[in-house]
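So the sequences go chain by chain: A and B. Counting along the first sequence from 1, when you hit position 185 you're at 185 in our numbering, and nothing is skipped either side. One rule links them: number in our numbering = place in the second sequence (from 1) + 1000.
Hints in this document: simulated from the structure, not taken from any laboratory. One or more hints might be untrue.
Just the calculated beta-carbon pair ranges, DEER-fashion [stated by the list, open to error]:
no.: 1; chain 1: B; residue 1: Arg-1299; chain 2: A; residue 2: Leu-8; range: 42 to 52 Å
no.: 2; chain 1: A; residue 1: Arg-328; chain 2: B; residue 2: Asp-1344; range: 52 to 62 Å
no.: 3; chain 1: A; residue 1: Ile-64; chain 2: B; residue 2: Pro-1070; range: 33 to 43 Å
no.: 4; chain 1: B; residue 1: Ala-1232; chain 2: A; residue 2: Leu-8; range: 20 to 30 Å
Below, in silico cross-link-like pairs of lysine-lysine (DSS-like), each with a Cα-Cα straight-line distance of 30 Å or less [to be verified]:
no.: 5; chain 1: A; residue 1: Lys-151; chain 2: A; residue 2: Lys-161
no.: 6; chain 1: A; residue 1: Lys-151; chain 2: B; residue 2: Lys-1151
no.: 7; chain 1: A; residue 1: Lys-161; chain 2: B; residue 2: Lys-1151
no.: 8; chain 1: B; residue 1: Lys-1161; chain 2: B; residue 2: Lys-1151
no.: 9; chain 1: A; residue 1: Lys-308; chain 2: A; residue 2: Lys-151
no.: 10; chain 1: B; residue 1: Lys-1161; chain 2: B; residue 2: Lys-1308
no.: 11; chain 1: B; residue 1: Lys-1308; chain 2: A; residue 2: Lys-151
no.: 12; chain 1: A; residue 1: Lys-161; chain 2: B; residue 2: Lys-1308
We put the beta carbon where it would ideally sit given N, CA and C, even for glycine.
Number of protein chains: 2
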Amino acid sequence: MRTVDVALGNRAYPIRIGEGLLADASLITPHLRTRRVAIVSNEIVAPLHLSALRAGLLAAGVDITEIILPDGESYKDWGTLNLIYDGLLAARCERSTTLIALGGGVIGDMVGFAAATYQRGVPFIQIPTTLLSQVDSSVGGKTAINHPLGKNMIGAFYQPKLVLADINSLQTLPLRELQAGLAEVIKYGFIRDLPFLDWLEDNLDALLARDPEALGYAVERSCLNKAEVVAADETEQGERALLNLGHTFGHAIETGLGFGVWLHGEAVAAGMVMAAELSARLGMIHSADVARVRRITERAGLPVQGPKLGAERYIELMRHDKKVEEGRLRLILLQAVGQGVIRDSAPLVDIAAAIDSCCA
Amino acid sequence: MRTVDVALGNRAYPIRIGEGLLADASLITPHLRTRRVAIVSNEIVAPLHLSALRAGLLAAGVDITEIILPDGESYKDWGTLNLIYDGLLAARCERSTTLIALGGGVIGDMVGFAAATYQRGVPFIQIPTTLLSQVDSSVGGKTAINHPLGKNMIGAFYQPKLVLADINSLQTLPLRELQAGLAEVIKYGFIRDLPFLDWLEDNLDALLARDPEALGYAVERSCLNKAEVVAADETEQGERALLNLGHTFGHAIETGLGFGVWLHGEAVAAGMVMAAELSARLGMIHSADVARVRRITERAGLPVQGPKLGAERYIELMRHDKKVEEGRLRLILLQAVGQGVIRDSAPLVDIAAAIDSCCA
Ligand SMILES: NC(=O)c1ccc[n+]([C@@H]2O[C@H](COP(=O)([O-])OP(=O)(O)OC[C@H]3O[C@@H](n4cnc5c(N)ncnc54)[C@H](O)[C@@H]3O)[C@@H](O)[C@H]2O)c1
Ligand SMILES: NC(=O)c1ccc[n+]([C@@H]2O[C@H](COP(=O)([O-])OP(=O)(O)OC[C@H]3O[C@@H](n4cnc5c(N)ncnc54)[C@H](O)[C@@H]3O)[C@@H](O)[C@H]2O)c1
Ligand SMILES: [Zn+2]
Ligand SMILES: [Zn+2]
Chain A
1 MRTVDVALGN RAYPIRIGEG LLADASLITP HLRTRRVAIV SNEIVAPLHL
51 SALRAGLLAA GVDITEIILP DGESYKDWGT LNLIYDGLLA ARCERSTTLI
101 ALGGGVIGDM VGFAAATYQR GVPFIQIPTT LLSQVDSSVG GKTAINHPLG
151 KNMIGAFYQP KLVLADINSL QTLPLRELQA GLAEVIKYGF IRDLPFLDWL
201 EDNLDALLAR DPEALGYAVE RSCLNKAEVV AADETEQGER ALLNLGHTFG
251 HAIETGLGFG VWLHGEAVAA GMVMAAELSA RLGMIHSADV ARVRRITERA
301 GLPVQGPKLG AERYIELMRH DKKVEEGRLR LILLQAVGQG VIRDSAPLVD
351 IAAAIDSCCA
Chain B
1001 MRTVDVALGN RAYPIRIGEG LLADASLITP HLRTRRVAIV SNEIVAPLHL
1051 SALRAGLLAA GVDITEIILP DGESYKDWGT LNLIYDGLLA ARCERSTTLI
1101 ALGGGVIGDM VGFAAATYQR GVPFIQIPTT LLSQVDSSVG GKTAINHPLG
1151 KNMIGAFYQP KLVLADINSL QTLPLRELQA GLAEVIKYGF IRDLPFLDWL
1201 EDNLDALLAR DPEALGYAVE RSCLNKAEVV AADETEQGER ALLNLGHTFG
1251 HAIETGLGFG VWLHGEAVAA GMVMAAELSA RLGMIHSADV ARVRRITERA
1301 GLPVQGPKLG AERYIELMRH DKKVEEGRLR LILLQAVGQG VIRDSAPLVD
1351 IAAAIDSCCA
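I would like the entire structure built from these sequences, with the hints used as guidance.
So this is what it looks like as structure tokens:
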């Protein structure tokens, strides 16, 4: 088992990474305030992975309430959040009851927000079951639901007590979801970890073949990167914004096409290529570096071009992104491969040209 | 102007108390991140007090979005909260926009929760306009909305950047609301401030006559008490629970009658008498002390008896209170006048007897 510690003072917590962790209640019980949990999962993940988790906890004498939600990003909304509150209240869950999120980023974000707000905050544990949620969304304490006028518009910063990333759960993940998760993995290489990028280029095939050893390392290294950034900047005042490489472009794609047409990771992948292209246009990196971004993205089975929405529409959508401050477009660009930077000075013409050159 | 500092490290903030503060934008602008605010108020308070606030801020060059909600506890729900999100999103309010709550505790709690959750947290300022909100709800960072299955069930701990208590705003407050606020003022005397209780007994008539000097002192002293407790125990793990004197009984009254029949402060008043009565039954205080609780409560125009719901029903409702841990009834009792204590060992028969002796 691998462990990454998220150093956040009195809100510090460990990420445990390994095979079969779900079934090992002894990893969970030390983090419970009382022997009472509410497991929240969805209709896809529960039939696959809930029984192992349940069996372990029951054997450890833990009282379990189960709340099973419909599956999908379109349910990451107030209505579904309310199903969690209803379930917690119906079962008389108390302030000391620990919420356990079992599922991908949608479940993690929503259960995290429920935990942050149920009775003004109850303990919670993340058990991410997608690659994206293991390497990204379960770490760092960002929780949210969507609002009809914007994705992740309602949320809180709220840290879990424990993250349990069971590598085995990735075996049941659809390939397209695995690939989408790789976009975030690759991202860490480009913004801050060149050696990891080299490793990824060497081990991409093993990852796509779901080799447990390779997956375990990729999850660990990704979590290390994310944990370092988060520990330095918990509430995204500065450095944490680097994690948004490709995301402002990507959100424009997700919103422009309507959520769910492209997966988040797919949109981020095309967005990273756009960010690299823009960086090259601004003379920050070479065209060979852009080619490197394109190559690994393509090898991972991810899109390297965005949909043809028109640069104007992209920019309009990017302006609505919540990362916009005082009307300026703040973007994450590359100063070198392995070194992201925050810039709000990119001229609109260059942004537009970069977008146009990356759309088909 | 009086100032009370709430010492919460990097989340510390001042409470300013005085006459006409609403109109003085120079008290507000130092606490804004940008010259952009969204003022949230309701249909009762806005016509009375919004124009003074608006004029000051406009003159100081602050850009204002106004969101006016329907009035009343029954609107402290998700639907109304969504009106705030809608207004913020429609006006494209950013993460740096400061939310200003102008109103009583309902507005303060709801706007505070909106601020805690809009884009995962934006700065906010409390301008409480009821006595209850000036002495209690605006201080300490508890924010919440109600859920059909329970009051304040959904919320967060989230601190304002500033609290501005304009004593003049209390001149327009209905007498019954003023009296309800006095219940919380009196509470501080009984749980931890005997000299203040003496002062209150001497100055109750001035307070009821809305003498600005007396009101200013009562608000200051109440805030000092609350700030001390909150600073010692921000998230209510221990001492902060003392502030709930009368509240578990009171919530049973509010829920049992249906919310809105009794005002919160009225229910707390009757609840304090019950808590005192129970303390006497357990031999913790004398019957003369109970009489003292009854006397000042009555002089303040507040109920000293609860509605006849039957002790069993009270206890059932009290069990649902969110302050219940592991099924035990945790109550705030008096060890002496001026000294509250947390107890979870009171026998049910005594609780029932105390309730019965305080109902009519
Ligand atoms: N909080 C953050 O910091 C953060 C970061 C990135 C993304 N996110 C959020 O995460 C969400 C995306 O997360 P996601 O990509 O995990 O999507 P997801 O949760 O929708 O999961 C993708 C699909 O895979 C299914 N699934 C999950 N685990 C499975 C398994 N082991 N086997 C088979 N199927 C499985 C899910 O039910 C779903 O149908 C978005 O809502 C995004 O906003 C949050
Ligand atoms: N957050 C906390 O720590 C905390 C503590 C105690 C109570 N509360 C909450 O506070 C709420 C009760 O607050 P409240 O008693 O202020 O009720 P309220 O906000 O409903 O105000 C009472 C009434 O007075 C009106 N009003 C407000 N200011 C006025 C003014 N200056 N002139 C004329 N009318 C005015 C309001 O519109 C309302 O009709 C409850 O929801 C309770 O849960 C929160
Ligand atoms: Zn992402
Ligand atoms: Zn109260």
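Going through the hints against the structure:
Our hint of 42 to 52 Å for Arg-1299 of chain B and Leu-8 of chain A holds, since their Cβ atoms are close to 50 Å apart. For Arg-328 of chain A and Asp-1344 of chain B, the Cβ-Cβ distance of about 55 Å falls inside the hinted range of 52 to 62 Å, so the restraint holds. For Ile-64 of chain A and Pro-1070 of chain B, the Cβ-Cβ distance of about 40 Å falls inside the hinted range of 33 to 43 Å, so the restraint holds. For Ala-1232 of chain B paired with Leu-8 of chain A, a C-beta distance near 22 Å keeps the hint of 20 to 30 Å intact.
Taking the CA atoms of Lys-151 of chain A and Lys-161 of chain A, the gap is near 25 Å; set against the 30 Å cutoff, the hint holds. A C-alpha spacing of about 28 Å is found between Lys-151 of chain A and Lys-1151 of chain B, which places the hinted pair at or below 30 Å, so the restraint holds. In summary, the hint linking Lys-161 of chain A to Lys-1151 of chain B is supported, as the alpha carbons are separated by about 27 Å, within the 30 Å threshold. A threshold of 30 Å between alpha carbons decides the hint, and for Lys-1161 of chain B with Lys-1151 of chain B the separation of about 25 Å falls inside it, so the pair holds.
A distance of roughly 21 Å separates the Cα atoms of Lys-308 of chain A and Lys-151 of chain A; the hinted pair therefore holds under the 30 Å criterion. Note on Lys-1161 of chain B and Lys-1308 of chain B: the hinted pairing is violated, with a Cα-Cα distance of about 43 Å set against a maximum of 30 Å. Pair hint Lys-1308 of chain B plus Lys-151 of chain A does not hold up; C-alpha atoms about 49 Å apart against a cutoff of 30 Å. Our distance criterion of 30 Å between C-alpha atoms is broken by Lys-161 of chain A and Lys-1308 of chain B, whose separation comes to about 44 Å.
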